[in-house]
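Each chain is listed here by its residues.
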Amino acid sequence: MTMNIQELKSKHKTLKVFNYKLGNIDKGYNKRTLYINLSNNDIKEKPVSDQMIDKFTGGKGFDMRLLWDAVNENTKWYDPENEICMATGPLGGNTNYPGSGKTIVVTLSPMTGIPIDSNVGGHFGPFLKFSGFDALEIQGKANNDVIIYIDGNNGNIKIFEAPLEAHDSHILAEQLHDMFADNEREKQHISVVSAGSAAEHCYLGMLNFSFWDRAKKLPRLKQAGRGGIGHVFRNKKIKALVVKYSGLKADLNNPVDMKTLKETGLKLHRQINKLDSSQFTMREVGTANIVSVMNDYDLLPTKNFKYGSDPQANKVDKKVLKTLFTQGAADGCWFGCSLHCAKAVDNFIPRTGPYKGTSVTVDGPEYETVGGCASNLYIWDAKDCVEINFYCDTYGIDTISFGSTVAFLMECFEYGILTKDMTEGLDLTWGNADSALEILHQMSRGQGFGLKVGKGTRWLKNWLINEHNADAAFLKDIAMEVKGLEYSEYVSKESLAQQGGYTFALKGPQHDEAWLIFMDMVNNSMPTFEMKAEALHYFPMFRTWFGLQGLCKLIWNDTIPEGNKDTPEPAKVMEHVHNYHKIYTAITGKFMDTDSMILQSERVYTFQKIFNLRMGGGKRSDDHPPYRAVGPVTEEEYLSRQERYDKQLKEEVGVDPSNMTLQEKMSALKKHRMDKYEVLTDTVYKRKGWDKNGVPTLEHLKRIDMELPELIDVVEKVRVKN
Amino acid sequence: MKYLKGNSDLCTGCLACADACSELFFKEKNIQKSCIRINQNDNKNNIIVCNQCGKCMPLCPTQALSYNSQGVVILDKNECSGCLICVAECPCACMHYLVEENAPFKCIACGICVKKCPVSALELIKE
Ligand code: SF4
Ligand code: SF4
Numbered sequence: 001m002t003m004n005i006q007e008l009k010s011k012h013k014t015l016k017v018f019n020y021k022l023g024n025i026d027k028g029y030n031k032r033t034l035y036i037n038l039s040n041n042d043i044k045e046k047p048v049s050d051q052m053i054d055k056f057t058g059g060k061g062f063d064m065r066l067l068w069d070a071v072n073e074n075t076k077w078y079d080p081e082n083e084i085c086m087a088t089g090p091l092g093g094n095t096n097y098p099g100s101g102k103t104i105v106v107t108l109s110p111m112t113g114i115p116i117d118s119n120v121g122g123h124f125g126p127f128l129k130f131s132g133f134d135a136l137e138i139q140g141k142a143n144n145d146v147i148i149y150i151d152g153n154n155g156n157i158k159i160f161e162a163p164l165e166a167h168d169s170h171i172l173a174e175q176l177h178d179m180f181a182d183n184e185r186e187k188q189h190i191s192v193v194s195a196g197s198a199a200e201h202c203y204l205g206m207l208n209f210s211f212w213d214r215a216k217k218l219p220r221l222k223q224a225g226r227g228g229i230g231h232v233f234r235n236k237k238i239k240a241l242v243v244k245y246s247g248l249k250a251d252l253n254n255p256v257d258m259k260t261l262k263e264t265g266l267k268l269h270r271q272i273n274k275l276d277s278s279q280f281t282m283r284e285v286g287t288a289n290i291v292s293v294m295n296d297y298d299l300l301p302t303k304n305f306k307y308g309s310d311p312q313a314n315k316v317d318k319k320v321l322k323t324l325f326t327q328g329a330a331d332g333c334w335f336g337c338s339l340h341c342a343k344a345v346d347n348f349i350p351r352t353g354p355y356k357g358t359s360v361t362v363d364g365p366e367y368e369t370v371g372g373c374a375s376n377l378y379i380w381d382a383k384d385c386v387e388i389n390f391y392c393d394t395y396g397i398d399t400i401s402f403g404s405t406v407a408f409l410m411e412c413f414e415y416g417i418l419t420k421d422m423t424e425g426l427d428l429t430w431g432n433a434d435s436a437l438e439i440l441h442q443m444s445r446g447q448g449f450g451l452k453v454g455k456g457t458r459w460l461k462n463w464l465i466n467e468h469n470a471d472a473a474f475l476k477d478i479a480m481e482v483k484g485l486e487y488s489e490y491v492s493k494e495s496l497a498q499q500g501g502y503t504f505a506l507k508g509p510q511h512d513e514a515w516l517i518f519m520d521m522v523n524n525s526m527p528t529f530e531m532k533a534e535a536l537h538y539f540p541m542f543r544t545w546f547g548l549q550g551l552c553k554l555i556w557n558d559t560i561p562e563g564n565k566d567t568p569e570p571a572k573v574m575e576h577v578h579n580y581h582k583i584y585t586a587i588t589g590k591f592m593d594t595d596s597m598i599l600q601s602e603r604v605y606t607f608q609k610i611f612n613l614r615m616g617g618g619k620r621s622d623d624h625p626p627y628r629a630v631g632p633v634t635e636e637e638y639l640s641r642q643e644r645y646d647k648q649l650k651e652e653v654g655v656d657p658s659n660m661t662l663q664e665k666m667s668a669l670k671k672h673r674m675d676k677y678e679v680l681t682d683t684v685y686k687r688k689g690w691d692k693n694g695v696p697t698l699e700h701l702k703r704i705d706m707e708l709p710e711l712i713d714v715v716e717k718v719r720v721k722n
Numbered sequence: 001m002k003y004l005k006g007n008s009d010l011c012t013g014c015l016a017c018a019d020a021c022s023e024l025f026f027k028e029k030n031i032q033k034s035c036i037r038i039n040q041n042d043n044k045n046n047i048i049v050c051n052q053c054g055k056c057m058p059l060c061p062t063q064a065l066s067y068n069s070q071g072v073v074i075l076d077k078n079e080c081s082g083c084l085i086c087v088a089e090c091p092c093a094c095m096h097y098l099v100e101e102n103a104p105f106k107c108i109a110c111g112i113c114v115k116k117c118p119v120s121a122l123e124l125i126k127e
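Residue numbers (the working numbering), protein chains in the order written: chain A, 1 to 722; chain B, 1 to 127.
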């Protein structure tokens, strides 16, 4: 660290101090939220009504409600009224059930123009809740870089200008943990939210949420990656948010039934302790355990999702990563998570950039980062992937959008659509890690071609089409974005259900709503459109629930109870679903079953869908995939899996491929697959309670008890337009 | 290194040890509140007590567990988040918890049970 804390503090200028009365959490809720406006430094508390709890539950639901009320249908991401909202949920912050520390962050996205939501670890959301607030909304824009500090033990909040603190998160987070802790132990009672130098310049900007690692004596960083929230954060001139809360205990949510909470959590701790090493090895390699599995099933994206496997994948798989990740550490992103998937590479020495030659700890790479920043770019040196991961994190860039965007550019470079003249000299040949890293450094400096890359795939596609006469149809097929957001890192070509899982996802093609590839493609357990539609109803609703409660999805099915495979629907992992019913009731005192979970989710999900419509998105045309996500775009792609595609032509389309030219086969397959996609769309919309244009029906609003006038108003206006 | 060693063959299951332990820590005779347990099955008494192996320590998220100078695993209640990960990690089921207490509890090798055992089934080893 170059500057000492006193020097940093000497330049602080206090803009506002706000004192509040500490409260008590009752059955998971404070029943108040915190509002901060950076344009006029207004700070206030807002009460949470019973209706808000009934309809929006908490977490993402609260965020969406607050954001809706803050903006209007013309608001752009950069307008001062846009907000960044964040909240854990009623179950968030309990230390007994693994995976209960998530914060859900929502804003109007620079990439999509509609609300984005991101579910992130680290300690901020729970500490905010213990400080007295179920959610935080930040509106307005500061004139100069500010830090917002919430002291949850003394009940005060401070906004101050902070010109000297670092921009890059691995340094900034450490400075702030040091600054606000009175002693070494207290560092763990602090959490920092920050972006990074590149987030300032790039739509792809993300947020880092810290937790202090006592063993390593440094802050660890978890990412709210998707959709450019970090860019909005920097646009508001927020350098960091800091919360401090000392006094963590298991019963801070004031649950009604501590016994059930402890017993249910302990049972799961024991299951993980016993089975993880023979199941997913999350404790050893985190989510990267699936790299080789994805490669085996032709699902690991390589060369911009062209292919799903490569012989070199073993160079970035779990065996290699295990040698890089520190083993045996308490790697939970929240207290009480015993799955410990937050793996880290310690003592990593970058070979490029401003931190070249220094020793750093890198959080990850997780599976998505390997998929995006290694295989998809045809980079096969795990250390290059770690370095890209490090710079993405500290600069505040989403590894998924970065990986998918650079993969798109490398493919354009391969076909001569993009040339060195256009990249300002960068050679974007497949596998060129130096260029990928240089793009990141340019993003950080705010110069060069990196600035264009930082605008994301959709912008680059339009730039190539409009300013460089690129073949629009081809680029639309290979640009892996929907709604303006880049795909996360799975090849969906052979799973129609997953194609829908990606495209129907409200925020854009992220797999957190549904991951159905094995059920659909490997086990063929949902052969009909109706069955796929049922899965595309159930799983997104079930998974939405995690974001309402402040929970982690991984705990649900990245550890499996003994005997699960003999249950009627193993993919649902019903023992764990029952655990959720139990802990919900144990904390809130309210009844819960699967139907009630789905209903809670449907309310917020439908609200978010109508929010999309209100902002001019949410249309059927917004749910349209690039063909690369559905089938082979290029000849080489077809030929690489010719046997598979020929067989489908014969068996599913009923034509004889031996009499057809390659071009004929490709267009027949495309037509077949896109037709199926359209039927799926109709079937899924119906199951979700939407009309053919993707607009929720009034009957649906009535059924889920969401006949709010503001929702009916949007739905009716859109109907008239259609 | 200091730890308690039990000879299950000698144990008669009288629970004098457990009574002494819970009395010392919780001021009541209650086996659920004792750090030493006697597991009675198949007409055998199995003495269950912490051997200070330390396997509970590395996965504690707050580093509330540490060895003291005598090699005894000590739990710092002020630091404990009450997550019970250590309870699940303990290979011999010697980390115990109560619903009403935030932190789990464990044997600190104080030796009070050794003194109370009428058949000398317990021994405090110092290495
Ligand atoms: S499973 Fe991983 S991501 Fe989920 S809470 Fe645990 S450590 Fe965090
Ligand atoms: S219960 Fe306390 S001592 Fe045990 S692992 Fe959790 S924090 Fe550590």
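No lab work stands behind these hints: they were computed from the structure.
This structure is a prediction, so every number in the text was calculated from the model and none was measured.
Beta carbons are placed, not taken as given, at the ideal position from N, Cα and C, and that holds for glycine.
Wrong hints could be hidden among the right ones.
As the list claims (entries may be wrong) - Stretch-level coverage of chain A by chain B, calculated; a stretch enters the list once three of its residues show a Cβ under 8 angstroms from a Cβ in chain B:
| no. | region |
| --- | --- |
| 1 | 230-240 |
| 2 | 322-331 |
What the hints assert, rightly or not - Below 25 angstroms or equal to it, Euclidean Cα-Cα: the simulated DMTMM-like pairs (lysine to aspartate or glutamate) are:
| no. | chain 1 | residue 1 | chain 2 | residue 2 |
| --- | --- | --- | --- | --- |
| 3 | B | Lys55 | A | Asp182 |
| 4 | B | Lys77 | A | Asp50 |
| 5 | A | Lys582 | B | Asp9 |
| 6 | A | Lys27 | B | Glu89 |
| 7 | A | Lys216 | B | Glu89 |
| 8 | A | Lys249 | B | Glu100 |
| 9 | B | Lys77 | A | Glu530 |
| 10 | A | Lys217 | B | Glu101 |
| 11 | A | Lys582 | B | Asp19 |
| 12 | A | Lys259 | B | Asp9 |
| 13 | A | Lys553 | B | Glu100 |
| 14 | A | Lys303 | A | Asp512 |
| 15 | A | Lys582 | B | Glu100 |
| 16 | A | Lys259 | B | Glu100 |
Quick rundown of the hints versus the structure:
A stretch counts as covered by a chain when three or more of its residues have a beta carbon under 8 angstroms from one of that chain; for the region 230-240 of chain A and chain B the count is 0, and the coverage is violated. Proximity of the region 322-331 of chain A to chain B, defined as three or more residues with a beta carbon under 8 angstroms from a beta carbon of that chain, is established by the 3 residues found. The straight-line distance between the Cα atoms of lysine 55/B and aspartate 182/A is roughly 31 angstroms, outside the 25 angstroms bound, and the hint therefore fails. Between lysine 77/B and aspartate 50/A the alpha-carbon distance is near 36 angstroms, which puts this suggested pair outside the 25 angstroms criterion.
With a C-alpha separation of about 42 angstroms, the suggested pair lysine 582/A and aspartate 9/B falls outside the 25 angstroms cut-off, and the hint is violated. Among the hinted pairs, lysine 27/A with glutamate 89/B is inconsistent with the structure: their alpha-carbon atoms are about 29 angstroms apart, more than 25 angstroms. Taking the CA atoms of lysine 216/A and glutamate 89/B, the gap is about 21 angstroms. The hint holds against a cut of 25 angstroms. Pair hint lysine 249/A plus glutamate 100/B holds up; C-alpha atoms about 12 angstroms apart against a cutoff of 25 angstroms.
The hinted pair formed by lysine 77/B and glutamate 530/A fails the criterion: a straight-line CA distance of about 54 angstroms is larger than 25 angstroms. At roughly 29 angstroms between alpha-carbon atoms, lysine 217/A and glutamate 101/B are farther apart than 25 angstroms, so this suggested pair is violated. With a CA separation close to 34 angstroms, the supplied pair lysine 582/A and aspartate 19/B exceeds the 25 angstroms bound. The straight-line distance between the Cα atoms of lysine 259/A and aspartate 9/B is roughly 35 angstroms, outside the 25 angstroms bound, and the hint therefore fails.
The straight-line distance between the Cα atoms of lysine 553/A and glutamate 100/B is roughly 29 angstroms, outside the 25 angstroms bound, and the hint therefore fails. A C-alpha spacing of about 23 angstroms is found between lysine 303/A and aspartate 512/A, which places the hinted pair at or below 25 angstroms, so the restraint holds. For the given pair, lysine 582/A sits about 18 angstroms from glutamate 100/B by alpha-carbon distance, which is consistent with the 25 angstroms threshold. Of the supplied pair hints, the one linking lysine 259/A and glutamate 100/B holds, its CA atoms being roughly 8 angstroms apart against a limit of 25 angstroms.
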